[in-house]
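J.: Below, each chain spelled out in residue letters.
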Amino acid sequence: MRLLLIEDDTTLRESLATRLEETGFAVEQAADGREGQYFALEYPIDLAIIDLGLPEVSGLDIITEVRRQGKSYPILILTARDRWEDKVDGLDAGADDYVVKPFHVEEVTARVNALLRRSGGWASSVMTAGPVSLDMSRQEVKVNDNAVELTSFEYKIIEYLMIRAGKVISKTELTERLYDQDFERDSNVIEVFIGRLRKKLDPDNEIKPIETLRGRGYRFALERDQDG
Amino acid sequence: MSSLSARLLVSVSVLLLFFFGATIVVLDSAFREAGEQAREDILDGHLMAILAAAEATEQGTLEMPPDLQEPRFGAIGSGLYAEIRDAAGGTVWQSRSALGLDVPFGEISRDGSRQFREESLADGTPLLTLSIAVQWELPDGELRPFTFKVAESLDSFNAQLARFRQQLFGWFAAVAAIMLLAISALMRRLLRPLRDIESQIGEIEEGRRQSLAGQFPAELTGVARNMNLLIDSERGRSERYKQTLDNLAHSLKTPLAAMRALVNQGRHGPLADKFNEQIDRMDEIVRYQLRKPAASAAGGLLATAVPVGQEVDRIVDGLRKVYHDKDPEIDADVAGGLLFRGDKGDFLEVVGNLLDNACKWCERRVRIRIQRAPTAGMLVRIADDGPGIPESAVEALLQRGTRLDESTPGHGIGLAVVKDIVTSYGGELTIAGSDLGGAEFTVTLPSG
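Chains S and C, in that order, give the protein sequences. Here the first sequence is numbered in our numbering, starting from 1 and rising by one per residue. Here the second sequence is numbered in our numbering, starting from 1 and rising by one per residue.
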């Protein structure tokens with residue numbers, strides 16, 4: 001899951017980015033509005049965290065521009081000015097949620113997870129599709145109520161696919177969104193991980209949670225539960 | 001007296017009354033004196049004619065010809081009378097016109113002096129009389145005293161005078177009325193720019209206008225320009241004030257956020273908890289102190305007209321995003337065309353905080369109703385179906401920084417800010433139970 005973090009305060013940005021990376025996100029960082037807007041419009045990202053009080057280009061302008069160009073990924077705003085006017089302006093411009101400084105990092109990760117889940121159309125914090133369930137806050141996957149032991153990269157793949165259940169995700173997209181930028185990009189690695197995931201989730205090849213579409217990519221194939 | 005035109009009209013009326021009054025008195029007395037002089041001359045002429053016509057007889061008395069030159073002496077009740085009396089007061093001769101009338105003769109004068117008098121007939125008809133006492137030489141050479149008297153009724157003269165006065169008053173009244181009308185029309189024209197400024201200031205106060213605009217006469221351009229400068233500088237100052245607070249909040253809170261992120265990087269320990277506690281305290285101070293209502297800085301001339309319905313819609317849309325997972329049913333009903341006169345940020349702060357709290361605490365339902373208040377201003381009522389607030393906690397909740405539930409941070413500060421803003425606008429915040437089952441917050445906001 002690739003996040004964009006636009007925040008001009010270096011200490012805050014770096015420590016927040018470190019914490020987010022620790023929780024398993026790939027994080028792009030931008031230190032001012034101009035750079036941030038460029039990243040927000042040009043990079044493949046799943047969610048943006050934007051500070052409202054930025055030098056060069058304001059956070060509000062970035063949000064407006066992102067939405068104007070038809071990009072629909074979730075946006076979380078960070079605001080120091082704890083005024084409703086700012087919150088309402090930000091949400092009105094196209095942001096989806098806000099966090100007021102000084103925040104607890106846990107609060108940010110919780111909001112980020114909720115927004116990512118929502119962007120895939122999931123309402124509850126535990127995504128359930130047939131026998132498979134995934135709890136984003138605990139980073140835990142269960143099949144038939146039995147916890148499955150996954151490496152962090154395997155977890156990232158199943159989380160990414162499950163949030164977008166029903167949609168075809170190309171290998172390129174998976175590589176782009178899941179690796180850190182400086183990681184070597186090799187799509188064959190994805191195939192290996194998908195193979196391992198299948199074995200762990202479905203050792204008897206009964207439920208077939210991940211479908212391969214030749215030349216197009218992968219799809220999480222199980223029906224979402226209605227209340228999930 | 002509050003209006004310039006009323007002052008001018010009253011002053012002009014008093015002046016006109018004085019001026020015309022004096023003119024009327026002078027004209028009237030001049031006319032009367034001239035008339036009376038003419039009367040006396042005519043009467044004198046009649047007396048001379050009578051004297052000329054009288055002839056002494058052998059019997060030692062006077063005799064008059066049957067027909068005098070002046071026909072009015074011959075017509076009964078003509079208004080012109082003549083009489084001659086002897087020294088004993090006996091009537092020697094009387095004109096035919098005086099037949100049956102008791103024309104007063106007055107006392108008999110002694111010498112040849114003329115005497116004018118104003119007397120009246122028995123029926124009250126006023127008379128001007130002229131009498132003269134003469135020594136008449138009889139044919140035997142003896143001198144005998146006689147008194148001649150002519151009298152003329154003043155009726156026609158008085159009628160003439162009355163007519164003159166009537167005309168005089170009529171004309172002056174007409175002229176005065178025309179002058180007053182003309183002056184008030186003139187005043188209206190002269191004062192139009194002032195009225196214009198007044199109505200524009202009214203629009204500024206209602207937030208429908210930013211500055212005074214239009215062509216003003218030379219005497220007022222300075223006033224209008226200075227007014228605009230004043231409004232601009234006040235607006236600028238209030239902007240800068242808000243800007244300063246915002247910048248201060250931003251530049252304090254970002255380091256706080258950084259500190260918190262740094263402190264919590266390691267495992268949570270007792271030291272981290274203490275740091276967090278201090279960060280919370282600083283945060284509260286910044287939040288409360290730097291979010292003072294703009295109302296105190298934005299007086300009447302700086303108010304904008306905030307479209308209430310539109311802003312409430314924006315808040316509700318925003319909260320629907322924020323509470324996407326909880327998905328409360330927010331039922332909003334705002335009276336159409338309602339405007340809040342004041343600072344937009346203040347309005348958003350009040351409604352945003354109260355609605356946010358309602359969404360935070362509600363089970364399922366949140367309701368906001370904004371109506372015009374029976375007097376001026378508006379009534380905002382926000383209700384939810386949450387656990388409600390026990391009556392004993394209401395007072396404490398309204399105090400600054402008091403939290404009802406430590407696990408839901410920010411509850412107390414938000415409410416304290418709402419209360420501050422509402423109070424600064426002269427409104428009131430009350431908390432009661434709602435028919436939905438939870439709490440109901442009622443805010444009255446007077447207009448402006």
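No lab work stands behind these hints: they were computed from the structure. Misleading hints may appear alongside valid ones.
Stated by the list, open to error - Below, a list of computed lysine-lysine pairs in the DSS-like style, where the Cα atoms sit at most 30 Å apart: (1) C:K419 <-> S:K71; (2) S:K167 <-> S:K208; (3) S:K167 <-> C:K321; (4) S:K71 <-> C:K326; (5) C:K274 <-> S:K142; (6) S:K142 <-> S:K199; (7) S:K142 <-> S:K171; (8) S:K167 <-> C:K360; (9) S:K200 <-> S:K142.
Claimed, not checked - Computed from the model, here is a short list of chain C residues facing chain S with C-beta under 7 Å: (10) A38; (11) I42; (12) L43; (13) G112; (14) S113; (15) R240; (16) K253; (17) E277; (18) Q278; (19) I279; (20) D283; (21) K321.
All residues carry an ideal CB built from backbone N, CA and C; glycine is no exception.
J.: A separate judgement is required for each hint: does it hold in the structure or not?
T.: Comparing the hints with the structure gives:
no., hint, result
1, C:K419 <-> S:K71, "violated (40 Å)"
2, S:K167 <-> S:K208, "holds (15 Å)"
3, S:K167 <-> C:K321, "holds (24 Å)"
4, S:K71 <-> C:K326, "holds (25 Å)"
5, C:K274 <-> S:K142, "violated (38 Å)"
6, S:K142 <-> S:K199, "holds (14 Å)"
7, S:K142 <-> S:K171, "holds (24 Å)"
8, S:K167 <-> C:K360, "violated (34 Å)"
9, S:K200 <-> S:K142, "holds (11 Å)"
10, A38, "violated (93 Å)"
11, I42, "violated (98 Å)"
12, L43, "violated (100 Å)"
13, G112, "violated (112 Å)"
14, S113, "violated (107 Å)"
15, R240, "violated (15 Å)"
16, K253, "holds (4 Å)"
17, E277, "violated (12 Å)"
18, Q278, "violated (11 Å)"
19, I279, "holds (6 Å)"
20, D283, "holds (6 Å)"
21, K321, "holds (5 Å)"
Of the numbered hints given earlier, the model fails hints 1, 5, 8, 10, 11, 12, 13, 14, 15, 17 and 18; all others are met.
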